[in-house]
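Peer 1: Please construct the entire structure, taking both the sequences and the accompanying hints into account.
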Amino acid sequence: MLPISGKIFLLLLIGFILYLFSLRTRFLIRLLSLGKAEDRFDHWGERLRYTLGQILAGRCTLRNVCKWDYAGIGHLILFYGFSLFLISYVFHIAEGFYKKLSPAIFGTLFNNFFYLALDMAGLVIIIVIIWAAIRRYIIKPERLESTLDAGIILMVIFSLMLLNYGIEGFRLLTETKPFAEWLFVGIVFSRFFARLGAGENSSIYFWIFWWLHIAVVFGFSIYVLYSKHLHIFASPFNLFFRPMGSKGSLQPIEDFEKGDNLGVSRIVELSWKSLLDLYACTECGRCTASCPASMSGKPLKPKEIIHNLKTHLLCSGKDMLFSKDQGVKEKGWGQQSMVGQIVTEGELWACTTCRACIDVCPVEIEHVERIVGLRRYLVMREARFPSEYKKIFKNLEIFGDPFGAGSLMREEWPSGLETKKAYQDNHIDVLLWVGCTGALYDEKTKSVAVATAKVLNKAGVRFGILGKKELCCGDPARRMGNEYLFQKLATRNIEMMRKLGIKKLVTFCPHCLNVFRNEYPQFGADFEIVHITEMMRTLLENGKLQIKAKTASLFTYHDPCYLGRYNQIHQQPRDILEFVVSSTVREMALSRDRALCCGAGGGNFWSGRTIGRRIEGLRIDQAIETGSEVVVTACPFCEIMFESAVREKGLEHSLKITDVVQIIDQTT
Amino acid sequence: MRVIVCIKQIGFIYHPIAIDSTNGNVDPEKMVYILNPYDEVAMEEAMRIKERFVGSEIIVITAGLPRTEEALRYAFAFGADKMIRIDCQNLDPWATSSVLAETIKGLNYDIILCGKRAIDTNDNQVGTFVAELLDITQVSGIVRLDVVPESKKAIVERYLGKGDREAIECDLPALFTVEKSMNDPRYPKLPDRLRAEKQEIEIVETTSFSTHFDVKLNLSESASLTPPRPRPKKVFTPDSHLSANERRRLIMLGGIADKKGDVLQGAPEDIAKKIVSILIEEKFI
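Order-wise, the sequence lines are chains A and B. Each residue of the first sequence is one higher than the last, beginning at 1 in our numbering. Each residue of the second sequence is one higher than the last, beginning at 1 in our numbering.
Be aware that one or more of the hints could be misleading.
Keeping only pairs whose Cα atoms sit at most 27 Å apart, straight-line, the calculated DSSO-like set for lysine-lysine is [as the list claims (entries may be wrong)]:
id, chain 1, residue 1, chain 2, residue 2
1, A, Lys258, B, Lys198
2, B, Lys152, A, Lys390
3, A, Lys488, B, Lys30
4, A, Lys36, A, Lys329
5, B, Lys189, A, Lys258
Across the chosen pairs, the derived CB separations fall in these ranges [stated by the list, open to error]:
id, chain 1, residue 1, chain 2, residue 2, range
6, A, Gly650, B, Arg52, 34 to 44 Å
7, A, Glu388, B, Arg144, 21 to 31 Å
8, A, Thr147, B, Lys162, 53 to 63 Å
9, B, Glu70, A, Gln341, 54 to 64 Å
10, B, Glu51, A, Asp260, 19 to 29 Å
11, A, Val328, B, Glu169, 46 to 56 Å
Because the hints were derived from the structure by calculation, they are not lab data. Ideal placement from N, C-alpha and C gives every residue a C-beta, glycine not left out.
Peer 2: Okay, structure coming up:
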């Protein structure tokens with residue numbers, strides 16, 4: 001227990017720290033209130049369950065643990081270890097006011113166990129911290145940066161552990177009967193101090209260490225709010241308010257007439273949840289490490305975007321709040337467009353919208369939504385985009401497809417093949433949505449459409465096509481930021497299919513699939529759409545499709561982003577291949593949820609520009625590593641990209657690129 | 001500056017779907033209508049004048065059926081201030097010029113801009129006729145326009161082919177027909193598109209003209225129509241040896257390879273550095 005002066009000082013100190021803490025917290029919360037409204041308050045129970053599951057079980061970090069990254073385990077140890085220490089800090093402060101050692105109130109047994117646990121936790125934390133420091137400063141994995149922030153945090157935690165042992169050691173020296181049994185580390189420290197000759201003045205040293213400890217704990221609690229450790233407070237909320245709907249959808253713009261609805265240019269045009277994202281970022285760099293654009297040397301680094309936005313928010317926040325309080329229109333930083341200053345156009349257009357960053361993010365930051373929001377601003381408000389896109393937008397608007405081929409050409413691909421037109425004959429079970437690439441691009445993609453039709457015929461499925469009535473699903477327009485054009489196409493498609501009474505669709509293009517399944521419902525559509533791989537698996541399983549002969553070639557499967565990550569269709573294509581191949585399907589280094597993009601998504605197929613290396617080339621390298629002869633995919637865009645990569649590498653005779661449907665067509 | 005831009009909605013006859021495959025004629029049923037690309041260039045040039053001189057005004061005029069309003073609104077979305085449609089049938093160049101000139105007579109203007117030609121009929125006449133009817137200066141096929149408002153003069157450059165240009169100084173008001181290479185037309189911003197959708201179009205009836213000629217009378221008439229020899233249907237398939245991007249570009253251009261190119265901008269030192277890096281990138285050095 002402290003003398004009365006010490007108690008008053010401690011009380012004042014606590015008050016001061018609480019004041020500082022609440023000041024900063026209030027500032028941070030008020031900054032959030034600058035953002036736009038967004039409803040994330042549904043499904044309380046489900047949200048709570050998910051959040052607790054993620055945090056308590058450490059699922060948020062453990063899911064990223066893999067052969068080359070064990071950091072998640074270390075994080076979980078630190079999380080639980082430090083939680084124990086947090087409790088001990090309450091006891092620690094209480095000791096200043098109250099004579100008896102606080103855990104002793106709960107009985108000797110609790111006391112003994114608590115301090116034993118603390119001693120062990122301290123040791124484990126020290127080991128983990130040293131490991132973390134070695135990783136960050138010596139091994140230097142690419143995703144981590146050796147920032148001062150990270151160093152300070154490691155040092156503080158390390159010193160907290162040492163101070164704790166110091167206090168224990170001195171305490172043991174002052175007491176004749178040890179305050180807790182089994183203090184195996186504490187005893188070592190006390191013997192060490194005794195040997196140094198600190199035995200006589202041990203109670204003075206004890207209180208010096210005690211105050212030092214208090215200072216570090218209090219200092220740290222404030223520092224947390226100013227550092228990337230803010231994620232301790234922000235990430236649980238960020239997990240709680242995560243997007244609940246389908247993974248693959250972007251938020252629609254409801255009113256195009258309101259100017260600042262058209263995408264995001266200023267920081268305050270982000271929603272409060274998007275701003276919370278920025279607080280939650282731990283700068284772990286997993287997003288950048290998994291980003292295909294970043295991997296191939298393009299200017300985009302998702303972490304940088306989030307980090308820069310955060311810095312921008314915190315720097316301009318004070319001015320914005322001030323002018324909000326004063327009710328004056330502010331002309332400062334916060335009111336300026338972020339594009340060009342905080343985020344460059346090069347970064348924005350390099351994104352393939354593959355979602356790898358979101359899937360890998362432990363605190364579920366929504367990078368893609370952010371990037372598309374900024375793109376929307378560039379396209380709709382500023383009309384600034386790669387020059388190639390103008391032609392795409394105009395083609396989509398005038399002809400209803402990105403190539404400018406025109407609707408009549410959509411009936412050319414099934415030459416010599418019997419296909420019903422849904423607008424003439426409504427005796428169909430399912431509509432084959434061909435999509436622009438399948439119907440219009442080149443012989444290779446048209447042959448995928450033909451193969452699909454043949455497979456459906458073999459299985460006896462009564463299907464029809466829309467032919468000239470079909471329009472682009474709108475995916476390219478939406479991902480490029482032209483939301484207006486997307487909604488125009490979407491509503492036209494939905495209306496037309498309603499008129500024809502179409503309920504069920506099948507497609508082989510994952511982009512069309514994603515738009516129909518996850519985005520058209522935003523506009524009141526209720527079509528059921530399946531991917532051809534889902535349908536084929538069922539047909540194979542119930543014997544409607546019979547495999548005539550298995551093939552001996554060595555296969556590897558590439559997960560298209562919009563099929564795998566966006567719609568969790570990983571297993572179906574693999575199951576189908578199991579029917580066909582005699583050996584097992586080989587997996588690339590990155591597969592399923594971690595699969596690398598082909599580089600075509602998010603409008604990059606149309607711009608055709610490349611800074612750095614080609615993403616499809618990186619992916620093909622991974623395919624070559626597996627020693628396979630055939631790369632199978634389930635997306636026409638992936639196929640086109642890989643075709644050109646294989647040709648560039650001069651491997652067209654040794655590595656075949658093909659679609660799952662084509663394999664089934666050839667073997668049944 | 002008060003600028004008038006005359007535009008035309010054209011049937012995009014070069015598009016495969018517009019051609020009736022049985023007889024090789026243009027099928028009006030399947031026609032896709034767009035704004036004449038040359039007029040887009042004129043519109044863009046008008047916008048550049050408006051952006052340079054504060055208080056400028058742009059009026060867009062077209063002559064035709066109600067369906068032409070779609071193209072009119074698209075042109076308006078570039079950033080014009082007023083739209084006028086002269087309500088009439090499809091007219092021949094002389095009659096079109098007459099109705100345009102009659103309407104323009106009642107307006108204030110410094111510059112009239114027209115596309116050099118419409119890519120559907122390829123007559124190359126309307127701009128010149130309008131200037132003649134209004135009795136103002138006319139320069140055709142310009143690729144550069146500098147306005148000197150103080151002296152009410154314009155300095156224009158005309159394209160003569162093979163990189164030659166002819167510089168002409170002339171008094172305003174004047175009419176210029178623009179070459180397609182003059183600029184790269186913008187993609188209208190969405191708020192402007194929405195504004196254009198709502199903007200009222202002033203309709204001018206041809207009966208209101210106090211004319212000295214009969215506008216209903218086309219000076220030319222079609223004597224006979226010779227159908228072209230039916231050609232085998234051309235399906236364009238890109239060379240499979242090209243990369244995906246090359247093929248995409250070829251498909252988009254309908255099989256015509258264009259020269260790739262970028263204009264480098266910045267300080268001379270930076271440009272030099274960029275050129276070197278491009279040469280290294282393209283493996284020339």
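Peer 1: Run every hint past the structure and note whether it holds.
Peer 2: Hints and how they fare:
For the hint linking Lys258 (chain A) to Lys198 (chain B), the alpha-carbon distance of about 15 Å falls within 27 Å, and the restraint holds. A distance of roughly 36 Å separates the Cα atoms of Lys152 (chain B) and Lys390 (chain A); the hinted pair therefore is violated under the 27 Å criterion. A distance of roughly 21 Å separates the Cα atoms of Lys488 (chain A) and Lys30 (chain B); the hinted pair therefore holds under the 27 Å criterion. At roughly 17 Å between alpha-carbon atoms, Lys36 (chain A) and Lys329 (chain A) fall within 27 Å of each other, so this suggested pair holds.
As the CA atoms of Lys189 (chain B) and Lys258 (chain A) are separated by approximately 14 Å, the hinted pair is consistent with the 27 Å bound. At roughly 52 Å, the beta-carbon separation of Gly650 (chain A) and Arg52 (chain B) lies outside the given 34 to 44 Å, and the hint is violated. One distance hint, 21 to 31 Å for the beta-carbon pair Glu388 (chain A) and Arg144 (chain B), holds here, with the actual separation near 26 Å. As the Cβ distance of Thr147 (chain A) to Lys162 (chain B) is approximately 60 Å, the hint placing it in 53 to 63 Å holds.
Roughly 38 Å separates the CB atoms of Glu70 (chain B) and Gln341 (chain A), a value that falls outside the hinted 54 to 64 Å. Between Glu51 (chain B) and Asp260 (chain A) the C-beta distance comes to about 23 Å, which sits within the given range of 19 to 29 Å. Range check, Val328 (chain A) to Glu169 (chain B): Cβ separation about 51 Å, and the 46 to 56 Å hint holds.
Hint compliance for this structure: hints 2, 6 and 9 are not met, and every other hint is.
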